[in-house]
Amino acid sequence: MAPLLQVEDLTVRFHTKDGVVNAVNGISYGMEEGDILGLVGESGSGKSVSSMAMLRLIPEPPGKIERGRVLFNGIDLLQLKRRQMHTVRGRDIGVIFQDPMTSLNPVMPIGRQIAESMQVNLGLDSKKAGRQAVELLSRVGIPQADQRVDDHPHQFSGGMRQRVMIAIAIACGPKLLIADEPTTALDVTIQAQIVDLVRQLQEELGMAIIWITHDLGVIARLAKRVNVMYGGTIVEMAPIKQLFRHPAHPYTYGLLRSLPGAGGASSGDLTYIEGAPPDMINLPPGCPFWPRCSFRTKVCVEERPELADVNEGHRAACWHIDRVLQTSTPEAGEEEAA
Amino acid sequence: MTDASRATTESGSQSSAIEPVFTPEGYTEETQYASFWVGAWRRFRRNRLAMFGLVFAGLVILAAVFAPILTPYGYEQIDMMNALQSPSAAHPFGTDELGRDLLTRIVFGARPMLLVGILTGVAGLAIGVPIGVLAGYLGGVFDWLVTRLIDMFSALPWYLIVLYLVMVLSPSLENLILAMIITGWVNSCRLMRGLTFTIREQDYIEAARALGIPRWRIIVFHVIPQAAPLLLWGFAAGIPVAVFAEAGLSFLGMGVRPPRPSWGRMLADSGYYWQFWPHMIIFPALMITLSVLAFQGIADGLRNALDVSENI
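Listed in order, the protein sequences are those of chains A and B.
Note that my numbering numbers the first sequence so that position 329 is 329, with each residue one more than the last.
Note that my numbering numbers the second sequence so that position 7 is 7, with each residue one more than the last.
By construction, these hints were calculated from the structure, which means they are not laboratory data.
Because the structure is a prediction, the values reported are computed rather than measured.
Don't be surprised by glycine CBs; every beta carbon is placed ideally from N, CA and C.
Incorrect hints may appear among the rest.
Not close to chain B: a few residues of chain A, all C-beta gaps over 12 Å, as computed [what the hints assert, rightly or not]:
| hint | residue |
| --- | --- |
| 1 | K17 |
| 2 | S43 |
| 3 | D125 |
| 4 | H314 |
Some, not all, of what chain A presents toward chain B, calculated at C-beta under 10 Å [what the hints assert, rightly or not]:
| hint | residue |
| --- | --- |
| 5 | M52 |
| 6 | F97 |
| 7 | P106 |
| 8 | M108 |
Go ahead and model the full structure; you've got the sequences and the hints to work with.
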């Protein structure tokens, strides 16, 4: 089966007054239909920029997609004309944004906002789109949807608004849903509800999802595979269980160790990753993570590691995968020895 | 009314029957949420000057519309026998040097005043909003051109441009309005351009783009409605300026041509007489002052009601 999405060597830079920001540095990955991919990384790691660049939604200038291909159903989105891009956005690829408080138009009833996308992308007349909007609203769990379609965003709570955002994103039946930190602005109980809702909708509609977050807990509940990003590159990609049990990159290992309890590895004080995220204008020449890495050797400083196979579907960009694996999963090593 | 509540009302006892949920009369879901415009009206109503302005402007507009019905005299009706009369029962505002009823002329004089105020505002919006929103949303060369144009018009004193234009075009009410539109659209354009810059950066505009909503639709359905309250304020704030300009230019003989009445013109005509017949200057002057004050009051009330920040 041909992959739904194939990102190849995607590179995005921002040309600012202070210098060139290397936001995304040649990332490549693929997705099958119905896949749920978690994109994890800290702020500025390029996870949002790389996803928005696929839809060509980064501000240009200062942003620029320097090179790469984004094949969606075999068509390179980066080569499409503006008008053709409009048909991809919304209809083929839906987006849920981070902040539901600001991502809805405050002066438009939510029903019209849901309907608008269907009118534009599917060519429905306003009556039919309006009826479907009600249906979508009740589908995402808004009670009394037929009355609430005429309400404005300020009449909804944050979690409800995020449900509305989800209704808008799935309105045209997209094949791919990009969720850009959709739970970050919500409190924890609402987060869980939203994650459950998306998982349920995914099972019903079967679309693929890219879930961008820095919350590994959310990823664990939802994703099948995870890409870990650092310094504008993918440093590790793995199936979800593999990643949590056998992290092969020091950064992933550090992230998991800083989780309270979840990894099982940590007890007592939480550990943290020393240092600060890299300066994206002056990236270190070698591995972007070496200044903060406790495994580093001379080669890490001098040369950038490429993604290498660790296991079936598990790849990591590190010169010392074996050493990291031994540290992160000592029992695995013992098993093999026994 | 539900059965349970009827039962309680009929029996009047509170002992055994379950007390129904109390709902005040006239309560609906809608009363819970005051919409933006309802809230704005509440704030507007609290402003005394704004309410005075609204009432006064309303009366003036009604008088102007129904002028021929309201006035017993014609505004051109000369009656030399009754020239220069002080206010009386027959002529509440007195008469001028040709015996024309001053009240009649005041009422008819409201027409050019309102015409200038409203037409320049509406035409200014019609020209300025599209140009401003395109400049702000598209940016680039078009925005550069529009900005230079706005700068140019802002640098020159508009009153002098209007004066000069009317002189060149030959003085008349139509040309006065035309000249004021030529200089006045810049204000709505500047306002709209500035607003677009703010609105363009909002998340929901990016969300709309991510949904594949075409540019023109975003501009028409998302950007302009968001700017509507401020545009309304801008429109209201432009009226007193236009009213004053009409009076001033008519005073200078650059506006309404005699014998059609205009308050500014009447002020000018009273020049030889006002020392002995002060009513000739008092009433037109009072009307100009009160009208400017009224429209300014409405604009200020709107600014508070619509929560317009002043640094736009």
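Against the structure, the hints come out as follows:
{"no.": "1", "hint": "K17", "result": "holds, 18 Å"}
{"no.": "2", "hint": "S43", "result": "holds, 17 Å"}
{"no.": "3", "hint": "D125", "result": "holds, 15 Å"}
{"no.": "4", "hint": "H314", "result": "holds, 32 Å"}
{"no.": "5", "hint": "M52", "result": "holds, 8 Å"}
{"no.": "6", "hint": "F97", "result": "holds, 5 Å"}
{"no.": "7", "hint": "P106", "result": "holds, 8 Å"}
{"no.": "8", "hint": "M108", "result": "holds, 7 Å"}
Of the numbered hints given earlier, the model fails none.
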